[in-house]
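Given the sequences, and given the hints that come with them, work out the whole structure.
Residue numbering for the sequence shown follows my numbering, starting at 3 and increasing by one per position.
Don't read these hints as lab results, they were simulated from the structure.
Take these hints with a grain of salt, some might be off.
Said to hold, decoys possible - The list that follows gives simulated cross-link-like pairs (lysine-lysine, DSS-like), each with its CA atoms no further than 30 angstroms apart: (1) 75 x 105; (2) 105 x 132; (3) 94 x 139; (4) 216 x 105; (5) 105 x 94; (6) 132 x 196; (7) 105 x 196; (8) 132 x 75; (9) 196 x 94; (10) 75 x 216; (11) 46 x 196.
As the list claims (entries may be wrong) - Ranges between beta-carbon positions, derived for each pair: (12) 132 x 184: 34 to 42 angstroms; (13) 53 x 204: 55 to 63 angstroms; (14) 49 x 98: 54 to 62 angstroms.
By construction, the Cβ of each residue, glycine as well, lies at the ideal position given by its N, Cα and C atoms.
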Amino acid sequence: MSWPTSDGSVWLERHMMALELERFYGDQVVVNEGYFSILVVFKKPIRQYQQRLEELKSMSSNLENLQGFQGTKWQIPVLYDRDSEDLLSISKHTLLTFESIVKMHEQAIYTVEFIGFLPGFPYLSGLPEKLQIPRRKTPNPSIAPGSVAIAAGQCGVYPQTSPGGWYVLGKSPLEFFDVHREQPNLLSIGDQVKFYGINQQEYDRIKNGRLNVKEFHSE
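See the structure below:
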């Protein structure tokens, strides 16, 4: 199942469809969400293919209460790196000062539209237009875990060390993916995020403390 790639607001319909598929078919299927598509894998061979196809079409056309869905609201701490090469590049591209970049990034409200690329990596919409810059021409071979980065009109957070083509604004002390948690991904599709700046001392306190993720819920 897929949606037009030109429509940047399909995440809610796509996600509600995925939830409905899981509710309707239960453990008969594995449902994987893409950015503009859903992959539905039936665990057993389909004998009544046409019936299943009609079921899927019916679900897609009868989705209701799209506005009723609401994810968790988060306040995510970030240690912004004033002296980083990436922030200098962002400043040159946008003609904004460090203070203006941070202020704009903090004031925006972001929505988790998709989890992918890496386990727990959130793709966040809502980046201010003045901060929208293209991807790096040459990817960074190693971006550290917790790095909060922007590129191509989006914001994201790297949960693990990884190569990447986004520009890093700073780093968060939170663990965005942890296999030992009941819910390994810190963020889920539909969650809303606001970032706020912290200093090195606060970063170390959170990083080295016993993390209760609910402390960072805004409501």
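Against the structure, the hints:
1. 75 x 105: Given pair residue 75, residue 105 holds - Cα atoms ~19 angstroms apart, limit 30 angstroms.
2. 105 x 132: With Cα atoms ~12 angstroms apart, residue 105 and residue 132 stay inside 30 angstroms; holds.
3. 94 x 139: holds (15 angstroms)
4. 216 x 105: Measuring from Cα to Cα gives roughly 25 angstroms; hence the hint holds.
5. 105 x 94: holds (17 angstroms)
6. 132 x 196: Holds, at roughly 17 angstroms.
7. 105 x 196: holds (12 angstroms)
8. 132 x 75: holds (24 angstroms)
9. 196 x 94: holds (25 angstroms)
10. 75 x 216: holds (10 angstroms)
11. 46 x 196: Violated, at about 42 angstroms.
12. 132 x 184: 34 to 42 angstroms: About 39 angstroms separates the Cβ atoms of residue 132 and residue 184, which means 34 to 42 angstroms holds.
13. 53 x 204: 55 to 63 angstroms: This hint holds: roughly 57 angstroms between Cβ atoms.
14. 49 x 98: 54 to 62 angstroms: holds (59 angstroms)
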